[in-house]
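Chemist: So you can see what is in the structure, the chains are spelled out below.
Number of protein chains: 2
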Amino acid sequence: MKALVTVHYKQGILDPQGKAVQNALKSLGVDGVSEARVGRHIVLQFPEMSKSDAEAQTKKACEKILANPVIEDYEYEMVENTA
Amino acid sequence: MKALVTVHYKQGILDPQGKAVQNALKSLGVDGVSEARVGRHIVLQFPEMSKSDAEAQTKKACEKILANPVIEDYEYEMVENTA
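Those protein sequence lines, which keep their order, are chains Z and L. Following the numbering used here, the numbering of the first sequence begins with 767 at its first residue and continues without gaps. Following the numbering used here, the numbering of the second sequence begins with 767 at its first residue and continues without gaps.
Treat the hints with caution; some may be incorrect.
Keeping only pairs whose Cα atoms sit at most 25 Å apart, straight-line, the calculated SDA-like set for lysine to any residue is [claimed, not checked]:
{"hint": "1", "chain 1": "Z", "residue 1": "Lys792", "chain 2": "L", "residue 2": "Glu843"}
{"hint": "2", "chain 1": "L", "residue 1": "Lys830", "chain 2": "Z", "residue 2": "Asp781"}
{"hint": "3", "chain 1": "L", "residue 1": "Lys826", "chain 2": "L", "residue 2": "Tyr840"}
{"hint": "4", "chain 1": "L", "residue 1": "Lys830", "chain 2": "Z", "residue 2": "Glu821"}
{"hint": "5", "chain 1": "Z", "residue 1": "Lys830", "chain 2": "Z", "residue 2": "Arg806"}
{"hint": "6", "chain 1": "Z", "residue 1": "Lys830", "chain 2": "Z", "residue 2": "Glu841"}
{"hint": "7", "chain 1": "Z", "residue 1": "Lys826", "chain 2": "L", "residue 2": "Ala790"}
{"hint": "8", "chain 1": "L", "residue 1": "Lys776", "chain 2": "L", "residue 2": "Glu801"}
{"hint": "9", "chain 1": "Z", "residue 1": "Lys825", "chain 2": "Z", "residue 2": "Arg803"}
{"hint": "10", "chain 1": "L", "residue 1": "Lys792", "chain 2": "Z", "residue 2": "Glu821"}
{"hint": "11", "chain 1": "L", "residue 1": "Lys768", "chain 2": "Z", "residue 2": "Glu801"}
{"hint": "12", "chain 1": "L", "residue 1": "Lys768", "chain 2": "L", "residue 2": "Glu843"}
{"hint": "13", "chain 1": "Z", "residue 1": "Lys792", "chain 2": "L", "residue 2": "Leu770"}
{"hint": "14", "chain 1": "Z", "residue 1": "Lys830", "chain 2": "L", "residue 2": "Lys826"}
{"hint": "15", "chain 1": "Z", "residue 1": "Lys826", "chain 2": "L", "residue 2": "Asn789"}
{"hint": "16", "chain 1": "L", "residue 1": "Lys776", "chain 2": "L", "residue 2": "Ser800"}
{"hint": "17", "chain 1": "L", "residue 1": "Lys830", "chain 2": "Z", "residue 2": "Lys826"}
{"hint": "18", "chain 1": "L", "residue 1": "Lys830", "chain 2": "Z", "residue 2": "Gly784"}
{"hint": "19", "chain 1": "Z", "residue 1": "Lys768", "chain 2": "L", "residue 2": "Lys830"}
{"hint": "20", "chain 1": "L", "residue 1": "Lys776", "chain 2": "L", "residue 2": "Glu846"}
{"hint": "21", "chain 1": "Z", "residue 1": "Lys776", "chain 2": "L", "residue 2": "Gln783"}
{"hint": "22", "chain 1": "L", "residue 1": "Lys768", "chain 2": "Z", "residue 2": "Val845"}
{"hint": "23", "chain 1": "Z", "residue 1": "Lys817", "chain 2": "L", "residue 2": "Lys768"}
{"hint": "24", "chain 1": "Z", "residue 1": "Lys830", "chain 2": "Z", "residue 2": "Ile779"}
{"hint": "25", "chain 1": "L", "residue 1": "Lys768", "chain 2": "Z", "residue 2": "Gly795"}
Quick caveat, the hints were computed from the structure, so don't treat them as lab data. These numbers were taken from a predicted model, which means no experiment stands behind them.
Hey, can you work out the whole structure from these sequences and the hints?
Modeler: Pasting the structure below:
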């Protein structure tokens with residue numbers, strides 16, 4: 767079992783890295799981007815664990831270390847390892 | 767149209783942030799994580815653009831600025847804005 771976690775600033779929190787990307791894209795000739803937001807993507811591998819157990823551990827991981835709950839939101843998705 | 771881009775180190779490249787997360791999780795009591803990898807998740811908003819145009823711009827953005835092709839791989843997914 768594998769957890770795919772994405773962490774982004776909450777809506778309304780200034781995202782300076784996103785702003786920098788947006789400005790850089792404009793000056794590099796990538797057109798039409800009205801907003802860019804940059805966050806983190808974390809992949810956790812849980813070999814030999816049931817989906818519900820892995821999900822509980824993922825939630826704990828998000829709350830303890832992967833996201834700052836004051837300014838960030840997280841989402842996660844559990845997927846089977848295919849390979 | 768919205769592009770969801772994920773950027774991770776290529777397989778085989780040492781991911782120090784991932785290692786740090788893995789060690790921290792273990793000492794915080796989150797069990798069963800055999801590997802953690804940390805990458806970036808970027809959301810680009812393309813209002814008023816067709817899917818194929820937005821996809822072309824996203825590819826250009828990934829190659830020019832969002833990923834370092836020497837050590838990183840990127841993936842992207844185009845989704846309709848729902849709200």
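Chemist: Could you run down the list of hints and mark each one as holding or not?
Modeler: Each hint, compared with the structure:
1. Z:Lys792 - L:Glu843: holds (21 Å)
2. L:Lys830 - Z:Asp781: Cα-Cα ~20 Å, so holds.
3. L:Lys826 - L:Tyr840: Status holds; Cα separation ~12 Å.
4. L:Lys830 - Z:Glu821: violated (36 Å)
5. Z:Lys830 - Z:Arg806: holds (15 Å)
6. Z:Lys830 - Z:Glu841: Judged against 25 Å, a Cα distance of about 14 Å means the pair holds.
7. Z:Lys826 - L:Ala790: holds (12 Å)
8. L:Lys776 - L:Glu801: Holds, because 14 Å separates the two Cα atoms, which is no more than 25 Å.
9. Z:Lys825 - Z:Arg803: holds (23 Å)
10. L:Lys792 - Z:Glu821: This hinted pair holds, its Cα atoms lying about 16 Å apart.
11. L:Lys768 - Z:Glu801: holds (10 Å)
12. L:Lys768 - L:Glu843: The hint holds at about 8 Å.
13. Z:Lys792 - L:Leu770: Judged against 25 Å, a Cα distance of about 18 Å means the pair holds.
14. Z:Lys830 - L:Lys826: violated (36 Å)
15. Z:Lys826 - L:Asn789: Distance ~15 Å between Lys826 of chain Z and Asn789 of chain L Cα, so the pair holds.
16. L:Lys776 - L:Ser800: Roughly 18 Å separates the two Cα atoms, so the pair holds.
17. L:Lys830 - Z:Lys826: Given that 25 Å is the threshold and the Cα spacing comes to 36 Å, the pair is violated.
18. L:Lys830 - Z:Gly784: holds (15 Å)
19. Z:Lys768 - L:Lys830: Violated - the C-alpha atoms of Lys830 of chain L and Lys768 of chain Z are around 30 Å apart, more than 25 Å.
20. L:Lys776 - L:Glu846: violated (28 Å)
21. Z:Lys776 - L:Gln783: holds (22 Å)
22. L:Lys768 - Z:Val845: holds (23 Å)
23. Z:Lys817 - L:Lys768: Answer violated: Lys817 of chain Z to Lys768 of chain L is near 30 Å, above 25 Å.
24. Z:Lys830 - Z:Ile779: Cα-Cα ~21 Å, so holds.
25. L:Lys768 - Z:Gly795: holds (18 Å)
Of the numbered hints stated above, those contradicted by the structure are hints 4, 14, 17, 19, 20, 23, listed in ascending order.
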